[in-house]
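Generate coordinates for the entire structure from the input sequences, incorporating the hints supplied.
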Amino acid sequence: MPTELVMPHEAVERFFGRLIDEGPVMGPRERVSQPGFIHFDWLSDAADLRLNYQTTTIPPKKAFFPPREVLFEFELTDPLKITAVREAESFTLVGVHPCDLAALRMLDDAYAREPAEACWPANRARARVIGVDCMPDEYCFCTSTDSCYSRAACDLFLTPIERGYLVEVLTPAGEDMLRVSDVSEATDEDREQAEAFRREKAGAMTARLDATPEELAEILESEEHTELWKEIASRCYSCGSCNTTCPTCFCFDINDEFDLGLTGGRRMRSWDSCQLAEFALVAGGHNFRRLRWQRVRHRWYRKFVYLYRTFGRPYCTGCGRCSRACTADINIVDVTNEIINRARERDRQGVQG
Amino acid sequence: MIDHDAVPPAEDITRFYQPELARVIGKWQMTEMMVLLRLQPASGERLDHAPGQFLQISLPGYGEAPISFCSSPTQTDSFELCVQSVGNLSEALHDLRPGDFVGVRGPYGHGFPVEDMRGRDVLIVAGGIGIAPLRSLINYMADRRRDFGRVIIVYGARNPSERLFVEDVEAWDARDDFETWFTVDEPDETWTGMTGVVTVPLREVEIDPARTTAAVVGPPVMYRYVAMELLNKQMAEDDILFSLERRFKCGMGKCGHCQLNDLYVCQDGPVFRYTQLIGRTEAIEVWAPDEQKG
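Sequence lines, in order, name chains A and B. Counting in the working numbering, the first sequence runs from 1 upward without gaps. Counting in the working numbering, the second sequence runs from 1001 upward without gaps.
Because the hints were derived from the structure by calculation, they are not lab data. None of the values given here were measured: they were computed from a predicted structure. All clues given are correct.
Here are the simulated EDC-like pairs of lysine to aspartate or glutamate, each with C-alpha atoms no more than 20 Å apart in a straight line:
#: 1; chain 1: A; residue 1: K81; chain 2: A; residue 2: E257
#: 2; chain 1: A; residue 1: K81; chain 2: B; residue 2: D1100
#: 3; chain 1: B; residue 1: K1233; chain 2: B; residue 2: D1121
#: 4; chain 1: B; residue 1: K1233; chain 2: B; residue 2: E1179
#: 5; chain 1: A; residue 1: K201; chain 2: A; residue 2: E162
#: 6; chain 1: A; residue 1: K62; chain 2: A; residue 2: E87
#: 7; chain 1: A; residue 1: K81; chain 2: B; residue 2: E1020
#: 8; chain 1: A; residue 1: K81; chain 2: B; residue 2: D1012
#: 9; chain 1: B; residue 1: K1027; chain 2: B; residue 2: D1095
#: 10; chain 1: A; residue 1: K81; chain 2: A; residue 2: D256
#: 11; chain 1: B; residue 1: K1233; chain 2: B; residue 2: E1206
#: 12; chain 1: A; residue 1: K81; chain 2: B; residue 2: E1011
See the structure below:
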């Protein structure tokens, strides 16, 4: 049982203001050029922080796995000179929803699998994380993916209550952040209000998957050749928005950039998308997922079968970002339920016939 | 739990992505499209690869690409890579001169299980540039000849001018203890050997299926037909080894580019037993002409 404290409304801005004074803080804020659009970005004023926000378009994984990052710089001298490039400064990532916390732990595990990748954990080690609870919209389905109540990967977790936030202190780093703050012991009344918030959250979830993760994996394994993949693919544009907005996608590309002077440059790592036609293309023009339905199917299998079988949980947090972002209105919950229901319907007919 | 005090130095973090330098010590134009590079690690340390493994070769500014070793690990002072001119990087690699440096990292992946193949007959089936990784295995067996039973080499090329490693091929042909079968699809006036795709000579090869391991590398379309031929010869599916090509970006099972159903070719392969590929629908390119636009 973690320590539970209460941070009253009037102390919240002071608390985050002090964090900002101590070092860089990234959190949900309005995009300067686009009022009303909330995204994760660096904060210079605690008043800009929006802790009560709906799911962002781009998930906070970008704090640790940027869309584009430099791996090393090179100079075309003789001999060639290669210099590793890494950000080293500590920072604090605040306002992370439970689904996105769950995603951080998934990427911890995926990148740590031997042979382990080192950029992700090094960036994770630079940051303290503060989570915050939220209310769902019609795309959210985190109760189906076991991430509705995630406290993974965070040092403090805030739940809105009447007099401010109930603060769960989950690590020594979290305790340290609160050392000069105006927090007090939580009462049973505070705890009951936080519990009521969580009940309301789960109750407000309108979207859900019609199968458990294990049932879904088994159904997908039996539905590799369903016509449904082609039906979905007939609508898909292969734009990759689903991958770009996904908090658990971790594929990447590696490319070089020359400086204008052509005397040096850098090797870059950048987000990639398995939905793009060239993702599985090899030299000589062979493409192992040339057809759009193969790529669409691959995404479902990776989330709900391959990584589920490897790590014991689906690599989907129920955040609904892919459905919100889809340019063809392909909804992950609707499609998944269609697969589940067709498979069950066929099984019923098979039993009867 | 994350240790907030333990951020390692930058060069340790990017170590995996960072190439070591290797010097070009020899270069041969094998065909119009193919160049053979002989390289030596600048550190003087051996890469210690197994036949069938690959490495990532890079030229700063041009990028990085995976290429299979084509020299035997018994050749200890240097290693060789066969580079096909297909893009910016490979064209730049074609322009290298002895003394130039390239970046290398690796070796990666599971190569041919040479320890399991000890004492067995080995049937090599090479199509086109598939001969490159198999040359590593063949020359390894040549240097460890007593460790293996019969060595049978079936090599098919599109036409005589696209045959690779002609000197090696002649040396294999001249050995009494190698059985060689060479064919081309499109013969010219110089060609006196067999004509037809690689399954044509393969059909005539007689083997003891229980004693034989087959090592097969070629274009994706070849695998299905070679597998049928080998199963016709009563070979066990577990004794048929296929090496698959994918566009590895990282080599550590993370970037996702080489995923074959639930497998990562860079980690679980690139050499697979046929048993591992049965039922995995992405093992070979799907040929579906009616679904081009799917």
